[in-house]
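Asker: Below are the chains, spelled out letter by letter.
Protein chains: 2
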Amino acid sequence: MSQLKGACLLGQSGGPTSVINASALGVFQTALQTECITNVLGAAHGIKGVLADRIYDMGMEDPAELELLRYTPSSALGSCRYKLSDMEKDDTDYKRILEIFQKYNIRYFFYNGGNDSMDTCNKISKYMQCVGYECRIIGIPKTIDNDLNGTDHCPGYGSAAKYIATSCMEVYQDARVYDTGMVVVMEIMGRHAGWLTGAAALAGVYGSGPDFIYLPEVNFDFETFLSDVEDCYKKNGNCLVAVSEGIHDKDSRFISEYGSDLAQQKDAFGHAQLGGLAAVLANTVKERIGVKVRGIELSLLQRCGAHLASKTDIDEAYQAGKAAVESAVEGVTDRMVAFERTTENGNYVSKIRLVPLSEAANAEKKVPREWINAAGNGVLQPFINYALPLIQGEPDIPKLNSLPRYAKLKKIQAKPSVKK
Amino acid sequence: MSQLKGACLLGQSGGPTSVINASALGVFQTALQTECITNVLGAAHGIKGVLADRIYDMGMEDPAELELLRYTPSSALGSCRYKLSDMEKDDTDYKRILEIFQKYNIRYFFYNGGNDSMDTCNKISKYMQCVGYECRIIGIPKTIDNDLNGTDHCPGYGSAAKYIATSCMEVYQDARVYDTGMVVVMEIMGRHAGWLTGAAALAGVYGSGPDFIYLPEVNFDFETFLSDVEDCYKKNGNCLVAVSEGIHDKDSRFISEYGSDLAQQKDAFGHAQLGGLAAVLANTVKERIGVKVRGIELSLLQRCGAHLASKTDIDEAYQAGKAAVESAVEGVTDRMVAFERTTENGNYVSKIRLVPLSEAANAEKKVPREWINAAGNGVLQPFINYALPLIQGEPDIPKLNSLPRYAKLKKIQAKPSVKK
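Here the protein sequences line up with chains Y and G, keeping their order. Per numbering that gives the first Met the number 0, the first sequence starts with residue 0, numbered consecutively. Per numbering that gives the first Met the number 0, the second sequence starts with residue 0, numbered consecutively.
A portion of the hints provided could be inaccurate.
As the list claims (entries may be wrong) - A few chain G positions that, by computed beta-carbon distances, are all more than 12 Å from chain Y:
#1 Asp61
#2 Leu97
#3 Val204
#4 Glu343
#5 Leu389
Unchecked claim - Now the stretches of chain Y that chain G is said to cover, found in silico as 3 or more residues with beta-carbon under 8 Å:
#6 75-88
#7 98-109
#8 303-310
#9 403-414
In short, the hints are calculated from the structure, not lab data. If you're wondering where the values come from, they're calculated on a predicted model, not measured in any experiment. Ideal Cβ positions, reconstructed from N, Cα and C, are used throughout, including at glycine.
My request is simple: use the sequences and hints to build the entire structure.
Answerer: Pasting the structure below:
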């Protein structure tokens, strides 16, 4: 494979995680040390920054500040949710992207994100092949949802899972402090896949876990849920429930949408109701079982809770960025970095492999039904065995005055490549 | 002062904190090493456990498990919210408490809690004096709300403040990742005092703080709030707001109560609304300013987030428990342990002093008006100077598989004292 000389560009895309910047650091540090990469660039707000020609020169950043990206949550370059149209239908965006790639002589393009972002990455890769512009394109996986196809797991998941498990353990301690009893409903992210909500079960490894866990992989039945909770409350005087935001009934209707209906159904439930899923469930438990209830929505906290990040996750995120650059320089293109799980002396080990971008794009990986109990209200040991290794290790987070010290980037607009 | 021989009893009361068990550990470890203390007892669910004769023998616990109390959030013995009637009106409870004290020969009574708990402690102290039962009674302060009178600050506050500041920094990173803008409203505990909500300002020390902070010390005006948010959003494309759950209008009506009104006022606001304060504010911002908004309620997480506890707070909580035992053994009674702040070489130092129980009972300490800005939508440097030392230091939390390892107590019912 011939050596390809030119600039590299990284874009961050989709929802934040605690470790997306660790992948960026893996790309930047590796690329800055790679001779054939002439410039290391970052796009503001993913592909939107490419279209808008907002391209930062990462070589101008202070290396010590860059290093802090390892522990800085969210997307330091900015992110986007932008869907490229099919190039057969409308190639306006693609032409603009090619123009920008040519302007900066971008020959390496890395895109860090989840399903939709891999779709973007795949489309750009196919377009560049189509028009014969030589550019090596690698996707770097990222999503707290852990639903990317083609990889054992995704950077971002382990840290969010650790946040959820730890928070669940703490709430467990808190919620049974009085002898008067309480039901707590914790709402966890995951619209279509239950990986995050299942992580609440890790809290149960040492006996502080939820009594019930409801994932979107199983149809949710309100009456079964109410009887689960009532039985548990009668027996133990309290009940802790973890639910995925994406639970839905057998007709595929999200339970969170029941809220607006309930608001209309004042006669049936006594009060007008609105709010998120946790509020819907909490209000219904209160009305129907008549006990003290608290709904807790982990909201944004769970995806940016970098102070509880998993070192395993941070290290893997970094390695994913590094591997993307190294593979591209070796000649690989049109692939996504993926993780393969193996065991050495009984211990978890992950290895990097490369999968076709088209395999990862758009498809959603769900929790296997056989990892969920028959009643559909809990996860089984294989889930624990899967998730527990991913939350391991405590990062040594730089702090100032006991508060995290995040990277502050200068974000200097890059100069166009000079034609020789 | 004559040496007083007998058992000691600790009760935990009021809402959980991350460090209430550190105070318990301070009591237990000190008392177990004190010769004149014949038995070290703990009450299940505070004074309710005394009334119900549910008294644990802490001497039967494994010392290594006890040691884990230092990092175990919430109240390991169980807590209560129980108000004793005035003894002049009804002395039933008091007689029962005396009976239990006599049964176990309890000569040292320690009660760990906030304003209401100090009221309980004060009443028991006065009753025992009244009936001439010799028992030394010391209150140990505890409240995330930090509103106890007679002390510079309260154990529990520093850890909750650190959780709030760190979470705020993380949400700040998360909430401005897209170029499409968002308003985030974070609801923080504190019904009558704004100490916790003010702690969000610590996130601003390194530039990741809220744009506005609204405390219950200042009347909240909806129109001013909306114009604050709108101006900020227009200027910056986003806005982060921290609000205390206890904000109220000039007529002392809680803003959180507007929710049920809004549910009736469908014509004015378009939709029925219910939920906590964050939901009320978020919905109103959405309706009136028409931007993307997210309401986040820190809920129970902020008071039991022990993984982010302040080492300063843990150490002081332990010292408070230790000082209570030592003072009582020396002959002190009818006092609460309090903290006094001094400075050594410009550094924060806290010293323990003892204040009359009656001084602490029921009174509420609020954030001084001069620590809040003139517009009433932010806190000033004196607040930062006050709160920052309290969140310092990282505890070395025992973990198993990267999850916290909490104390598991046997909770063995104590045997009555044998009359000699």
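Asker: State for each hint whether it applies.
Answerer: Structure-based check of each hint:
The beta carbon of Asp61 (chain G) sits about 16 Å from the closest Cβ of chain Y, which is more than 12 Å, so the claim that it is off the interface holds. Here Leu97 (chain G) stays apart from chain Y, with its beta-carbon at least about 22 Å from theirs, past the 12 Å limit. Taking the minimum C-beta to C-beta distance to chain Y, about 7 Å, the non-interface status of Val204 (chain G) is violated against the 12 Å cut. Every C-beta of chain Y lies more than 12 Å from that of Glu343 (chain G), the closest at about 18 Å, which supports listing it as non-interface.
At the 12 Å boundary, the C-beta of Leu389 (chain G) falls inside the reach of chain Y, the nearest C-beta of that chain being 10 Å off. Look at the segment 75-88 of chain Y against chain G: 4 of its residues bring a Cβ nearer than 8 Å to a Cβ of that chain, three or more, so the hint holds. For a cut-off of 8 Å, the count of residues in the segment 98-109 of chain Y with a CB near a CB of chain G stands at 0, and the three-residue condition is violated. Look at the segment 303-310 of chain Y against chain G: 6 of its residues bring a Cβ nearer than 8 Å to a Cβ of that chain, three or more, so the hint holds.
For a cut-off of 8 Å, the count of residues in the segment 403-414 of chain Y with a CB near a CB of chain G stands at 4, and the three-residue condition holds.
Checked against the numbered hints above, the structure violates hints 3, 5, 7; every other hint is satisfied.
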